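Engineer: Chain by chain, the residues run as shown.
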Amino acid sequence: QQKVQQSPESLSVPEGGMASLNCTSSDRNFQYFWWYRQHSGEGPKALMSIFSDGDKKEGRFTAHLNKASLHVSLHIRDSQPSDSALYFCAASELPSNTNKVVFGTGTRLQVLP
Amino acid sequence: EAGVTQSPRYAVLQEGQAVSFWCDPISGHDTLYWYQQPRDQGPQLLVYFRDEAVIDNSQLPSDRFSAVRPKGTNSTLKIQSAKQGDTATYLCASSPGLGGFFGPGTRLTVL
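Just so you know, the protein sequences line up as chains A and B, in that order.
Here this note's numbering is used: the first residue of the first sequence is 1, the next is one more, and so on.
Here this note's numbering is used: the first residue of the second sequence is 114, the next is one more, and so on.
Because the hints were derived from the structure by calculation, they are not lab data.
Incorrect hints may have been included.
[To be verified] Some residues of chain A that are not near chain B, with every Cβ distance over 10 Å (derived):
(1) Pro8
(2) Val13
(3) Gly16
(4) Ser26
(5) Glu42
(6) His64
(7) Ser69
(8) Asp78
(9) Gln80
(10) Asp83
(11) Gly104
(12) Thr105
(13) Val111
(14) Leu112
[As the list claims (entries may be wrong)] Just the calculated beta-carbon pair ranges, DEER-fashion:
(15) Lys67/A with Gln127/B: 41 to 51 Å
(16) Gln130/B with Arg77/A: 20 to 30 Å
(17) Asp27/A with Asp176/B: 25 to 35 Å
Please read these numbers as outputs of a predicted model, since none were measured by experiment.
Glycine included, every Cβ here is placed at the ideal spot set by N, Cα and C.
Modelling step: build the complete structure from the supplied sequences, incorporating the hints.
Structural biologist: Following this line, the structure appears as structure tokens:
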């Protein structure tokens, strides 16, 4: 069973628009979240992490975490064609001796010029 | 700062052949992960190490896959007898704690 689910599978937004991506963990032990972006032919690169309830903003990217529902979202404002990529949500177990990180199924974002 | 390096970048095999992937993590990162990423899917954890110790290899097909990190730095992932279903990109990531920095991956095609 996939511990981390993402939606939608794919998303198209116009250049300058807002893209919203969603992620939910089904395991309460996995409640530390990251968003990664992967361009074709490259490894995933971390965009941002969020560990506490509420919003976290980094430039055009805002993540929102609701720990009660284990739901995290990523909002990209003023989307650019260079934002077109696969986006992954990743979740980690509570800090412990293990640093296990599991990835979601991904959302493919296309920003249309 | 140098990133995570992997080699080779590409590999093409016939079924039954063996292949090894090599990873050099970021210096000082004690945790190293190997992921398998089928095309257009999310990375799936195979195994991870803290220093030289295997922490979790429960998702590693142990009959054909093996992974080592003998000195707690570089790591090698080996497939003994490749199958068509092993076709994927193999990603290595390292971390000083939570999160991870990924290498570019090795794209494996098994014919």
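Engineer: If a hint holds in the structure, say so; if it doesn't, say that too.
Structural biologist: These are the hints, each one checked on the structure:
Look at Pro8/A: its CB is around 14 Å from the nearest CB on chain B, clear of 10 Å, so calling it non-interface holds up. Non-interface status of Val13/A relative to chain B is upheld: no Cβ of that chain comes within 10 Å, the nearest being about 20 Å off. With 10 Å as the threshold on Cβ separation, the claim that Gly16/A sits away from chain B holds: the shortest Cβ distance comes to roughly 27 Å. Every C-beta of chain B lies more than 10 Å from that of Ser26/A, the closest at about 14 Å, which supports listing it as non-interface.
For Glu42/A, the non-interface assignment is contradicted: its Cβ lies about 6 Å from the closest Cβ of chain B, within the 10 Å cut-off. The Cβ of His64/A lies farther than 10 Å from every Cβ of chain B, with a closest approach of about 19 Å, so its non-interface assignment holds. Against the 10 Å criterion, Ser69/A stays outside the reach of chain B, whose nearest CB is about 21 Å from its own CB. Distance check for Asp78/A against chain B: the nearest CB is about 26 Å away, which clears 10 Å, and the non-interface claim stands.
Remark: the non-interface label on Gln80/A is consistent with the geometry, its nearest Cβ contact in chain B lying 22 Å away (cut-off 10 Å). Even its closest Cβ contact with chain B, about 18 Å, leaves Asp83/A beyond 10 Å, as expected for a residue assigned away from the interface. Not every CB of chain B lies more than 10 Å from the CB of Gly104/A, the least distance being 5 Å, so the non-interface label is violated. Not every CB of chain B is more than 10 Å from the CB of Thr105/A (nearest about 5 Å), against its label as outside the interface.
For Val111/A, the non-interface assignment is confirmed: its Cβ lies about 18 Å from the closest Cβ of chain B, beyond the 10 Å cut-off. Distance check for Leu112/A against chain B: the nearest CB is about 20 Å away, which clears 10 Å, and the non-interface claim stands. Checked against the hint of 41 to 51 Å, the C-beta distance between Lys67/A and Gln127/B comes to roughly 49 Å, which is consistent with it. Judged by the Cβ atoms, the range 20 to 30 Å given for Gln130/B and Arg77/A is violated: they are separated by roughly 48 Å.
The given range of 25 to 35 Å is respected by Asp27/A and Asp176/B, whose C-beta atoms sit roughly 27 Å from each other.
Of the numbered hints given earlier, the model fails hints 5, 11, 12, 16; all others are met.
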